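Novice: Start from the sequences, fold in the hints, and give me the full structure.
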Amino acid sequence: MTKSPIQLTSFSACTSEYSSLEDIFEAWVTPPAKVPLFPDHPDESIAWKSLVEKAMEAALPLEKDRDDCGFILATTKGDIAALEATLDAENEKTTGNNDVLRNLDGGRGYGGISQSVQALGDRFQLRGPRFCVSTACTSGLVGLIEAAMMVGAGDAPRVLVCAGDIAGRFVRDGFLSLKAISSTTCRPFDVHRDGLALGSAAAACLVQRVEKKKEKKKEGATVFLTGWGISSDAVHMTAPDRQAGGLIRAIRQALAMADIDAGQIDAVLLHGTGTSYNDAMETVAMREIFSRRPLLTAVKGLTGHTLGASGLLETALASRMLQRQIVPPITGLRTPEYPDMSWVYTIPRYQPLKTILKTASGFGGMNAAVVLTLHDADGL
Amino acid sequence: MKDDVFIFRWIAQDSRGNNKAAEMGVETVKKPPPAFSHYTGRAERSVSSLGERARQLASLVLQDIPAKDRQTMAVFLGTMRGAREEDLIFQRSRKNSNGKYSSPAAFSRTLPSTVAAELTIEFGIRGPLLVFTAGAASGLLASVRAIRWIQSGNISLALTGALDWSHADDCHNTIYSTSYSPQILFYLIGRRSALPGIYPMIQIKQGQLKYSSAQNKQRAIASITHFVNAFRLASTQRVNIQEKSGIGTLCQIIMGPV
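Chains as they are written, first to last, in the numbering used here: chain A, 1 to 380; chain B, 1 to 258.
If you are wondering where the hints come from, they were derived from the structure by calculation, not from laboratory data. There's no promise every hint is true.
For lysine to any residue, the following SDA-like pairs were computed, each having C-alpha atoms within a straight-line distance of at most 25 Å [said to hold, decoys possible]:
#1 K95/B - S49/B
#2 K100/B - P42/A
#3 K100/B - R169/A
#4 K68/B - R242/A
#5 K210/B - P5/A
#6 K95/B - F38/A
Listed below are several chain B residues computed to face chain A (Cβ distance under 8 Å; list not exhaustive) [stated by the list, open to error]:
#7 P66
#8 K210
#9 I247
Quick look at which bits of chain B chain A covers, simulated, 3 or more residues with Cβ under 8 Å [said to hold, decoys possible]:
#10 104 to 113
#11 118 to 127
#12 188 to 199
Computed from a predicted model, the values in this text were never measured in an experiment. Every residue gets a Cβ at the ideal spot worked out from N, C-alpha and C, and that includes glycine.
Specialist: Structure below.
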């Protein structure tokens, strides 16, 4: 098990509505009157490129440190416009028209989400190992965990992890067909909730090991990734385990690795999609893990479900919670369905925070959990 | 111990549907029963043809692994376009109905991780599930990452491998290819103590990743024949290096006899 402290720095994030992590956090603390159910992208390819590049640009290491910097892209579908063009062309091809395919990507064809990894890695001159992780809506957290594993095992001294997804027409039609989209607004854990909202976002973060000599010079408080866990429900493709078995296992692994008791968690930033099965499953997990309930919050009522980006975007927001010592309210929650839980709603809570648990779950029964801890310069 | 990682068994299926692991007595194993949902207890909608083949092959690799060992087992797979078939079906259903009656069943399987998730459901695997993409190096990348996870002590056993749609002609070029066919490779990798009743076939000496500007223009499997030859060589007589580059990453595994 990796024991060396893994430091998370240079968090950045942007969505189709908000241009920076600070803007998202401010809107979370003081939510706007109305939140859209879908993002509107006139050109999904441009939207993908601009969101991901913007997030990465803000998290890049110094130029001298890029030569050995690894790069992990976490996404469910990547540049979905390029994928759609390929699918249309391939469907055309089955009817005997090959011309469309010949024009794809200057005649080179479509290389899947790998293509984005290569383009972004080359663009920002990241010359460490690079690859893509795709594990449904847990992709962002799993990408972060993989980066920590690489740094911990010495595969790279630092890794830039970027998570991004575009909730374009392909995705919107899919979730509409599953009847998972709210008809009004996304209200996680609310008795009146009726489904999720979708959002496009990208988030990035630099993961590195703490070097002893730098540690002494460090100023202020820093966020560390102290524990993590990943598990599978092995139950159903689209519905979570009603007993929350997978999520409970992932959280317990993360707590064990962080070497802390559940009682030491100050707040939990839940996945909180606003679908009834997910909300119920997460509530079961919280009841099982915590006897003394930490503050519970969620952000998808504001950002929408940003799919593969959500894990890292919300980890970035959790780092701001630690640094500003605020627990913003669950956007959209007015009347909790499970009133015995310690939900933070309608107004933010200001209280000392040292350790936050962030969880994510996804299609296929995937679950991931990370423990984030705030340390002073001499805290390790 | 850094080198305490072993491959217990492997199986591959080439684009013609031929299985490559006679050592396991593949010919004698029957087709597994239809997939069923542990959630509803009813028969599941049939999985994609790639998923169906993957399920059959995984059932061979996992046939005598006790349920308690599967509960902590991990799945590490590499793929470039593993969800291609469901992507096409979903896109067709969208276009034909102008987005009004898209197929929910196809949509829920349009993720690169779909087949891996189906395997966890089918075989009761409850450990970590990771799906990687790194161009032609995707399959080897999954192996290198599995080795790291085992070495770090996070897991002790993983169902590892690659699955993809490959072209009959030029592996990289989607333009002139006339057909795609599935290729699958699975192997069980782990610490020796993870499966005390099974004697390992291959020992992993080293696995590493590094930056490389070289490119192999193939899909995730990067030629089943390469893997099969490397495994056969390693399990019979000598140490060999399996190496592949994709999208700027060079994956390398050194393996040899136990």
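Novice: Take the hints in turn and mark each one as holding or not.
Specialist: Now for the hints, and whether the structure bears them out:
no.	hint	in the structure
1	K95/B - S49/B	holds (22 Å)
2	K100/B - P42/A	holds (20 Å)
3	K100/B - R169/A	holds (12 Å)
4	K68/B - R242/A	holds (21 Å)
5	K210/B - P5/A	holds (23 Å)
6	K95/B - F38/A	holds (20 Å)
7	P66	violated (15 Å)
8	K210	holds (6 Å)
9	I247	holds (4 Å)
10	104 to 113	holds (count 8)
11	118 to 127	holds (count 8)
12	188 to 199	violated (count 0)
In summary, the numbered hints that this structure violates are 7 and 12.
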